[in-house]
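Trainee: The residues making up each chain are set out below.
2 protein chains.
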Amino acid sequence: MKKIILFFTFSVLTVYGLFAQSGQASNNFNVVDSVRPSPYNLYGNQFPRIEADRRVTFKFYAPNAQKVQVSIVNVPYDMTKEENGVWTYTSEPQDLGYHNYWMVVDGAVVVDPATNGFIGYSHLCNGFEIPDPDGGFYALKDVPHGNVLLKNYYSTVANSWRQIFVYTPPDYEQNIQKRYPVLYLQHGGGEDQRVWIEMGRTNLILDNLIAEGKITPFIVVMETSAVTQRSIVPGPPAPRPTIPGAAGTPGAPAGGSRPGGMFGMSGPGGGIYGQLMTTDLIPWVDKTFRTLSDQKNRAMAGLSMGAMQTRTVTLANLDKFSYIGMFSGGTIAPADITDKSKVRLIFMSYGSRERGSESVKAAADALNEAGIKSVSYVSPLTAHEFQSWRRSLKEFALLLFKD
Amino acid sequence: MKKIILFFTFSVLTVYGLFAQSGQASNNFNVVDSVRPSPYNLYGNQFPRIEADRRVTFKFYAPNAQKVQVSIVNVPYDMTKEENGVWTYTSEPQDLGYHNYWMVVDGAVVVDPATNGFIGYSHLCNGFEIPDPDGGFYALKDVPHGNVLLKNYYSTVANSWRQIFVYTPPDYEQNIQKRYPVLYLQHGGGEDQRVWIEMGRTNLILDNLIAEGKITPFIVVMETSAVTQRSIVPGPPAPRPTIPGAAGTPGAPAGGSRPGGMFGMSGPGGGIYGQLMTTDLIPWVDKTFRTLSDQKNRAMAGLSMGAMQTRTVTLANLDKFSYIGMFSGGTIAPADITDKSKVRLIFMSYGSRERGSESVKAAADALNEAGIKSVSYVSPLTAHEFQSWRRSLKEFALLLFKD
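If you read the protein sequences in the order shown, they are chains A and B. Numbered per the working numbering, the first sequence spans residues 1 to 403. Numbered per the working numbering, the second sequence spans residues 1001 to 1403.
Calculated from the structure, these hints are not laboratory results. Being a predicted model, the structure only gives us computed values, none of them experimental. Glycine is no exception: its CB is placed at the ideal position from the N, C-alpha and C atoms. Certain hints may be false.
[To be verified] Heads up, simulated DSBU-like pairs for lysine-lysine below, C-alpha to C-alpha not over 35 Å straight-line: (1) K67/A - K1081/B; (2) K1151/B - K214/A; (3) K1214/B - K151/A; (4) K361/A - K320/A; (5) K287/A - K1402/B; (6) K1320/B - K141/A; (7) K340/A - K373/A; (8) K1287/B - K287/A.
[Said to hold, decoys possible] Chain A is nowhere near these chain B residues, computed Cβ spacing over 12 Å in every case: (9) S1034; (10) R1055; (11) D1294; (12) K1340; (13) S1341; (14) R1344.
Make a model of the complete structure from these sequences and hints.
Mentor: Have a look at this one:
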């Protein structure tokens, strides 16, 4: 009985958090312990609806369509037409956390107007969220909150303005003499700088860890990677980039540790993106925010393609980065490190459902044996999705800037 | 010739600005003087494409659909099927500025995955942008930029967390003893707190005016109105709320000045939303930011439904607000004001294509004759859309907190 009460209390907090984070706020949003609308639904829409057993029911109005599918994490499922022009589908039980979805109407990949839009798979997507009983670490709670800032800066390397998100810790505004370490945090392929806030809940994860006194407060900078010019119109959406370690669902291809030349990762200085970071982004951040700008107070991490970017940029710039985090994007071997005295920590993680998850412990062991401090982490029962990366960020944050 | 060069330079700035503001940044975005992709297109998509004569070409892949329409500002237009499953449509010349659109595939209202998502009409929409030769006031320029902050606060009136946007001026971080006036800025029906940043470009408008020394720097708070629980699933999207003054396109119904009881506007204290503002929001803002918290340094304005909310909240709380701005949402008469000594300015505006535009000058004249300072403004050749409201915000900002 006590367990049930605790779970209910937790669920209320979680749902409020997700709801506020989603960009919506309503005094009419009814929190139900079991069946509930997904928190990203706009304007009180009841569907997608999260069922008590983690199944999800979708409804979609398409009166004249011949065939309607809902694509959940890029796998299409046929919907059934009801009498009033509404199509319906109830899924198998879903993993905990955030999932992308979209609709396919008579062959057209489209976005459901009923939820907020999220970037993924190189196009606009829908999203839904399965509450996690252990997800309190990313809930919006009544603790001091840091700032999430939308900032624009000009990059000479890219020759354009670039919009970024910056997180500053809760005490940044109060301790106006204090300086902070910085984590540069990269999104995955087909995404952009928004995802670590909108799906990753970076600000809430760090607010909560800081409130519990578990981490050293730091600034987070979320940039956009170099963007490729793939087009989804005309023609069907481009597939998620084929990259080592980007295994998503069970049965997807095995991961590896060697990034290719895509996404500005080839060339000197960590490729174009490394050049952008060292020439424009880092100097601008150090000028604009009260940072600790020495090498031992600068970290970089990323998910999937962003992990490989992190690998490429940091290994080419070990004079600038001391902490390296790779979430679902390969591993680093001792031979990859030119100067092991520079590396304070290499963190490597995967979701347990990903191929690659079996590789990180051995990779960390090899680094530790070579005298390079390394920690591995496997997120239980999650795939190539944000629940793996929320947990990875938390585990990585616990280790950052500690000595 | 000189004119052409100036226009080209301006266009480059504008497009960069829009692009960065849209949440995307790319070094591969090719600025073309005439034909160009809309700046909100994701991942290098070429369509929607803005033609040199302000027509817009849409392409949409729907291989098995029987009928595809593109709905531009809520008016559907039939597209033509080409051989490869791609449907196409080139519009009539569009007004300058931001416009919503979406797709209708075999009767299903859907969102095009090719552009960023925007909230409007109580659901997710697409957007495109027609460059305005006089739009430099909302371009991203190399001037000091204020901060745009995503903040969460807890409302006891709504009994929930609420996410808001806050703009602080460029010198807020530097002049750490200085306090600032505050403008509370409301969105329209079927929208939420994001629109004044994402479509309204509030931060860039104020950055530019401050850089030119034309306005008194102030903080802007963008909240969500009370949200009604209309559902678009199952069933077609709910229409834009029928509200006085919400005329959108030529021929839409005439506006008026009397808000109804919807959207938390009935009841004491300016309705539920007025109670939320005075009980929770304003005290939280005055505690969290360095505000000038007296009545003469507090303004409220809004667009459409937000204008009527502004009217309702301010007239019931004249001890708390001295500046009142109503953009495309009715007028105020002398008899509505209980204590005219409290009012420093009433600003009323419309787009010239809106019914209601003919009423604001007479309404302002009546207020001025009654000893209540009032200014009216009509935005040339714009409708019930954001170009009217960007311009209205600029004109209102020029008058705020000046004595």
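Trainee: So, for every hint listed, does it hold in this structure?
Mentor: Status of the hints after comparison with the structure:
Distance restraint check for K67/A and K1081/B: the Cα-Cα separation of roughly 18 Å lies within the 35 Å cut-off, and the hinted pair is therefore satisfied. For the hint pairing K1151/B with K214/A, the CA-to-CA distance comes to about 23 Å; that is within 35 Å, so the pair holds. The suggested pairing of K1214/B with K151/A holds, with an alpha-carbon distance near 23 Å, which does not exceed 35 Å. As the CA atoms of K361/A and K320/A are separated by approximately 26 Å, the hinted pair is consistent with the 35 Å bound.
Taking the CA atoms of K287/A and K1402/B, the gap is about 33 Å. The hint holds against a cut of 35 Å. The hinted pair formed by K1320/B and K141/A meets the criterion: a straight-line CA distance of about 30 Å does not exceed 35 Å. Note on K340/A and K373/A: the hinted pairing holds, with a Cα-Cα distance of about 9 Å set against a maximum of 35 Å. Distance restraint check for K1287/B and K287/A: the Cα-Cα separation of roughly 28 Å lies within the 35 Å cut-off, and the hinted pair is therefore satisfied.
A cut-off of 12 Å between C-beta atoms confirms that S1034/B is not in contact with chain A; the least separation is 20 Å. Distance check on R1055/B: its Cβ is at least 17 Å (rounded) from any Cβ of chain A, clearing the 12 Å threshold; non-interface status holds. The Cβ of D1294/B lies farther than 12 Å from every Cβ of chain A, with a closest approach of about 23 Å, so its non-interface assignment holds. For K1340/B, the requirement that its beta carbon stay farther than 12 Å from each beta carbon of chain A is met, with the minimum near 34 Å.
The beta carbon of S1341/B is kept farther than 12 Å from every beta carbon of chain A, the shortest such distance being approximately 34 Å. The beta carbon of R1344/B sits about 30 Å from the closest Cβ of chain A, which is more than 12 Å, so the claim that it is off the interface holds.
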